[in-house]
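Asks: This is what each chain is made of:
Protein chains: 2
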Amino acid sequence: MAKEKNIGITVKKSEDISEWYTQLIQKADLADYSSVSGCMVFKPYSYAIWEKIQSEVDSRLKKMGIKNAYFPLFIPEKLLQKEATHVEGFAPEVAWVTEAGNSKLDERLAIRPTSETIMYESYSKWIRSWRDLPLRLNQWNNVVRWEFKHPVAFMRTREFLWNEGHTAFATQEEAEKECTDIVEMYGKFLKDYMALPTLLGKKSEKEKFAGAEYTLSLEMFLPSGKAIQGPDAHHDGQNFAKAFDITFLDKDEKKQYVYQNTWAITTRMIGIMLMMHGDNKGAVMPPNIAPTQIVIVPILFGDSKDKVLKVTKDIASKLKKYRLEVDERDEYSAGWKFNQWEMKGVPIRIELGPKDLEKKQVVIVRRDTGEKEFVPIKDIETKVKETLEKVHNYLYDQAKELLKQSIVEVDDLKELVKVIEAKKMAFAPFCNQPECEEIIKEKAGGAGTRNIPLNQKFEGRCVGCGKKAHVMAYFAKGY
Amino acid sequence: MAKEKNIGITVKKSEDISEWYTQLIQKADLADYSSVSGCMVFKPYSYAIWEKIQSEVDSRLKKMGIKNAYFPLFIPEKLLQKEATHVEGFAPEVAWVTEAGNSKLDERLAIRPTSETIMYESYSKWIRSWRDLPLRLNQWNNVVRWEFKHPVAFMRTREFLWNEGHTAFATQEEAEKECTDIVEMYGKFLKDYMALPTLLGKKSEKEKFAGAEYTLSLEMFLPSGKAIQGPDAHHDGQNFAKAFDITFLDKDEKKQYVYQNTWAITTRMIGIMLMMHGDNKGAVMPPNIAPTQIVIVPILFGDSKDKVLKVTKDIASKLKKYRLEVDERDEYSAGWKFNQWEMKGVPIRIELGPKDLEKKQVVIVRRDTGEKEFVPIKDIETKVKETLEKVHNYLYDQAKELLKQSIVEVDDLKELVKVIEAKKMAFAPFCNQPECEEIIKEKAGGAGTRNIPLNQKFEGRCVGCGKKAHVMAYFAKGY
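Just so you know, the sequences run in chain order R and X.
1 is the number of the first residue of the first sequence in the working numbering; add one for each residue after it.
1001 is the number of the first residue of the second sequence in the working numbering; add one for each residue after it.
Just so you know, the hints here were simulated from the structure itself, not pulled from any lab data.
Just so it is clear, CB atoms sit at the ideal spot from N, CA and C, and this is done for glycine as well.
One thing to keep in mind: the hints can contain errors.
[To be verified] Here are a few chain X residues that face chain R, going by a calculated C-beta distance under 10 Å:
no., residue
1, C1039
2, Q1139
3, F1338
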């Protein structure tokens, strides 16, 4: 038997969430730091979550008519500079290749922080006529943004993985429809697979994407009392089309600029999900995204061993449509295994010992609530299906409740500041002027807008400047 | 109706294969050059081939027990230098990041040309005991090798996509078994999906991977008269384990070094496949890998249009398990469409006009041979299945025949030189000394060994130096 040191997390999530998270990442075998400052290793257990995100989102994108492609990692400096607002947004965080082999390069090459510029150079060549539209391409790749803030696994790393969709349409209407469709698709995926409730809205003028007309985002609220942005979709209007000369001849043979969108989901979602659902025992994986949905731990000793293993195999084969592990390692005790699988957040554990065998039952243990239930072996398929659904719903409802409890409606700045100090999110009338948001942010300890719900009919006075406000906006400190 | 300029390739494959290939890439909408010298854009049509390669190979790797992970793009210079032979092999082609934002970096960061060094730093931390072995990880990613030769789409680009597997075992035996299993898996995949016959063998001492004990490779022979290497697997013995201190305590608590392999398949395979099977009309896609396996072109005019479209839809729905396109564009003529789909190499075209409708038949046209067949609509499922198999077999047999015809057995250097001059591949006795290979290469106009078939029992005299030769090796000019 191996030495069984305590593998648990040594702090409580509610007391020190950042230390809790750091330990979780290591102890659940999710990621590791590397000798490249700010970059991390995705170990198989977290990469499997990313693969699931990829395959689910990818199949939805394909159904929407979007195709995958791959553009170069490098962007020549001149090209990156073509759209002024865009380069201003990204230049401080660009990693530059200046040498290759023994030669200095004539021009610095940016490692893509995002691929608008390299892709739109091609779009400008490829799009000639209305027949070439819409052009809707996506790529799954790695990007680099050389942040100087403290790195946090999944949440803030200099290299991360994402999808980036870049589309071009003949009309603004089509483009705007796609922008909404995409962000709704992301939102539904987060709900159904990652058990994450989100707030869909428009970013403020100050916070929108560098180069966009507007940005739609999905915002979440972490148990740490900070808001964090999930997937987003930018409607770029004709901004990039004009900078990159992306035009087409319409059916009347008139030259027109295209309308464009860009949108993304990143590996940050793994971190958000872990922080949202995890508890003092470790990760809690929502069943639909969990790399392992069920673990069977047979209790093995003495004469009954072979019998127990045989029934374990029967059960595993009954449940083979699930992502399932059977932990029959001899070198660890059952208790140690329970702890390990709890740390990894597997939604359901099935225990099966000699006594259970006699009673033709198993024990099903829920990871989220810890509830144990004795289940007759003949009912196992139905019970497992039900229980996985329950775990999903419980996680989603819990996160939804946290979100609901965190939102406080206010109508003046003093109240807003109080709400922020209480680590909550304020919902307040807002004029959407960048200068005003700057002032609110300063007074509210750095809390700016998160986003602005769509289709509001509202008349009031901005909490910042007191001028007319046509919308209510969410304000919170950001991760 | 759109202007229908001639979209065909203007040279014959047999007369100028490199110009033919350049035109093919553009005209079949496979790839495009970018403003980053030596880097290319994978357009959706070629990226779809890569996705198919990925998903097929990935599922085979997972069945073998290998897991995916993701390691950083960057490798600190000091780390890259840890294994002497390895760094010597890659240093001349490394792209270096030296600046980020406005800062100079303290240490240059290599863009990974391959990930041994960054991965083995982690392996050295992660592997402690026999319980941690085997460790079998793979990643699908992009790598950069700053070649200074003329770039050729898919075949030779500074950035390319691949999988890289890096595994560690307790015993040499397990490691060597995996090495063979992997290369055989790749070979079977190339045969079954890309219709490519290969020669499996060991690379010569001169040509083996920088840092390996030996390299197993799959070699192919192109219609241009040049050999080209496909996927490979390197058995590294304990070389990297010693350089990176990757050790474990065995069951007797003794410290041991691990045994390692690395293996890869790259986007170059797309280029090889195109070059092998394409003809003067364009690409010819093997059915199992083809992004589109079947295109239905309804012949639409006058009153019959709706009827023809209706039956087209019925047929499409009968064939929905295939990757299928229906080309009902109004703005192009049927003839222009035929040319376009032939250029793209879709294995089967189904034509359906008003006259066919009367006879309750369709026309099935094979892309490989051009054969046309009238097929009763009721038989279409059986016929399509048969025809796709026939196309696959025809492409494979043709490539196999080319390979067979290209190999000439020789036993002296003069003959070998003649064979090479005739743009063929020589099979000759060889001593496997790097110095001797150098001399043969010089005399044979640059033709070195490709690989050496396994498990030979052979006694003879080396064609180079006349010393004892225990093996026969393939010699050819390389792509």
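Asks: Next step is simple, just say for each hint if it's right about the structure.
Replies: Going down the list of hints, with the structure as the test:
Look at C1039(X): its Cβ gets to within about 4 Å of chain R, closer than 10 Å, so that hint holds up. With its C-beta approaching chain R no nearer than about 8 Å, Q1139(X) sits inside the 10 Å limit, and its interface hint holds. For F1338(X), the interface hint is violated, since its Cβ never comes within 10 Å of a Cβ in chain R; the closest pair sits about 18 Å apart.
Checked against the numbered hints given earlier, the structure breaks only hint 3 and satisfies all the rest.
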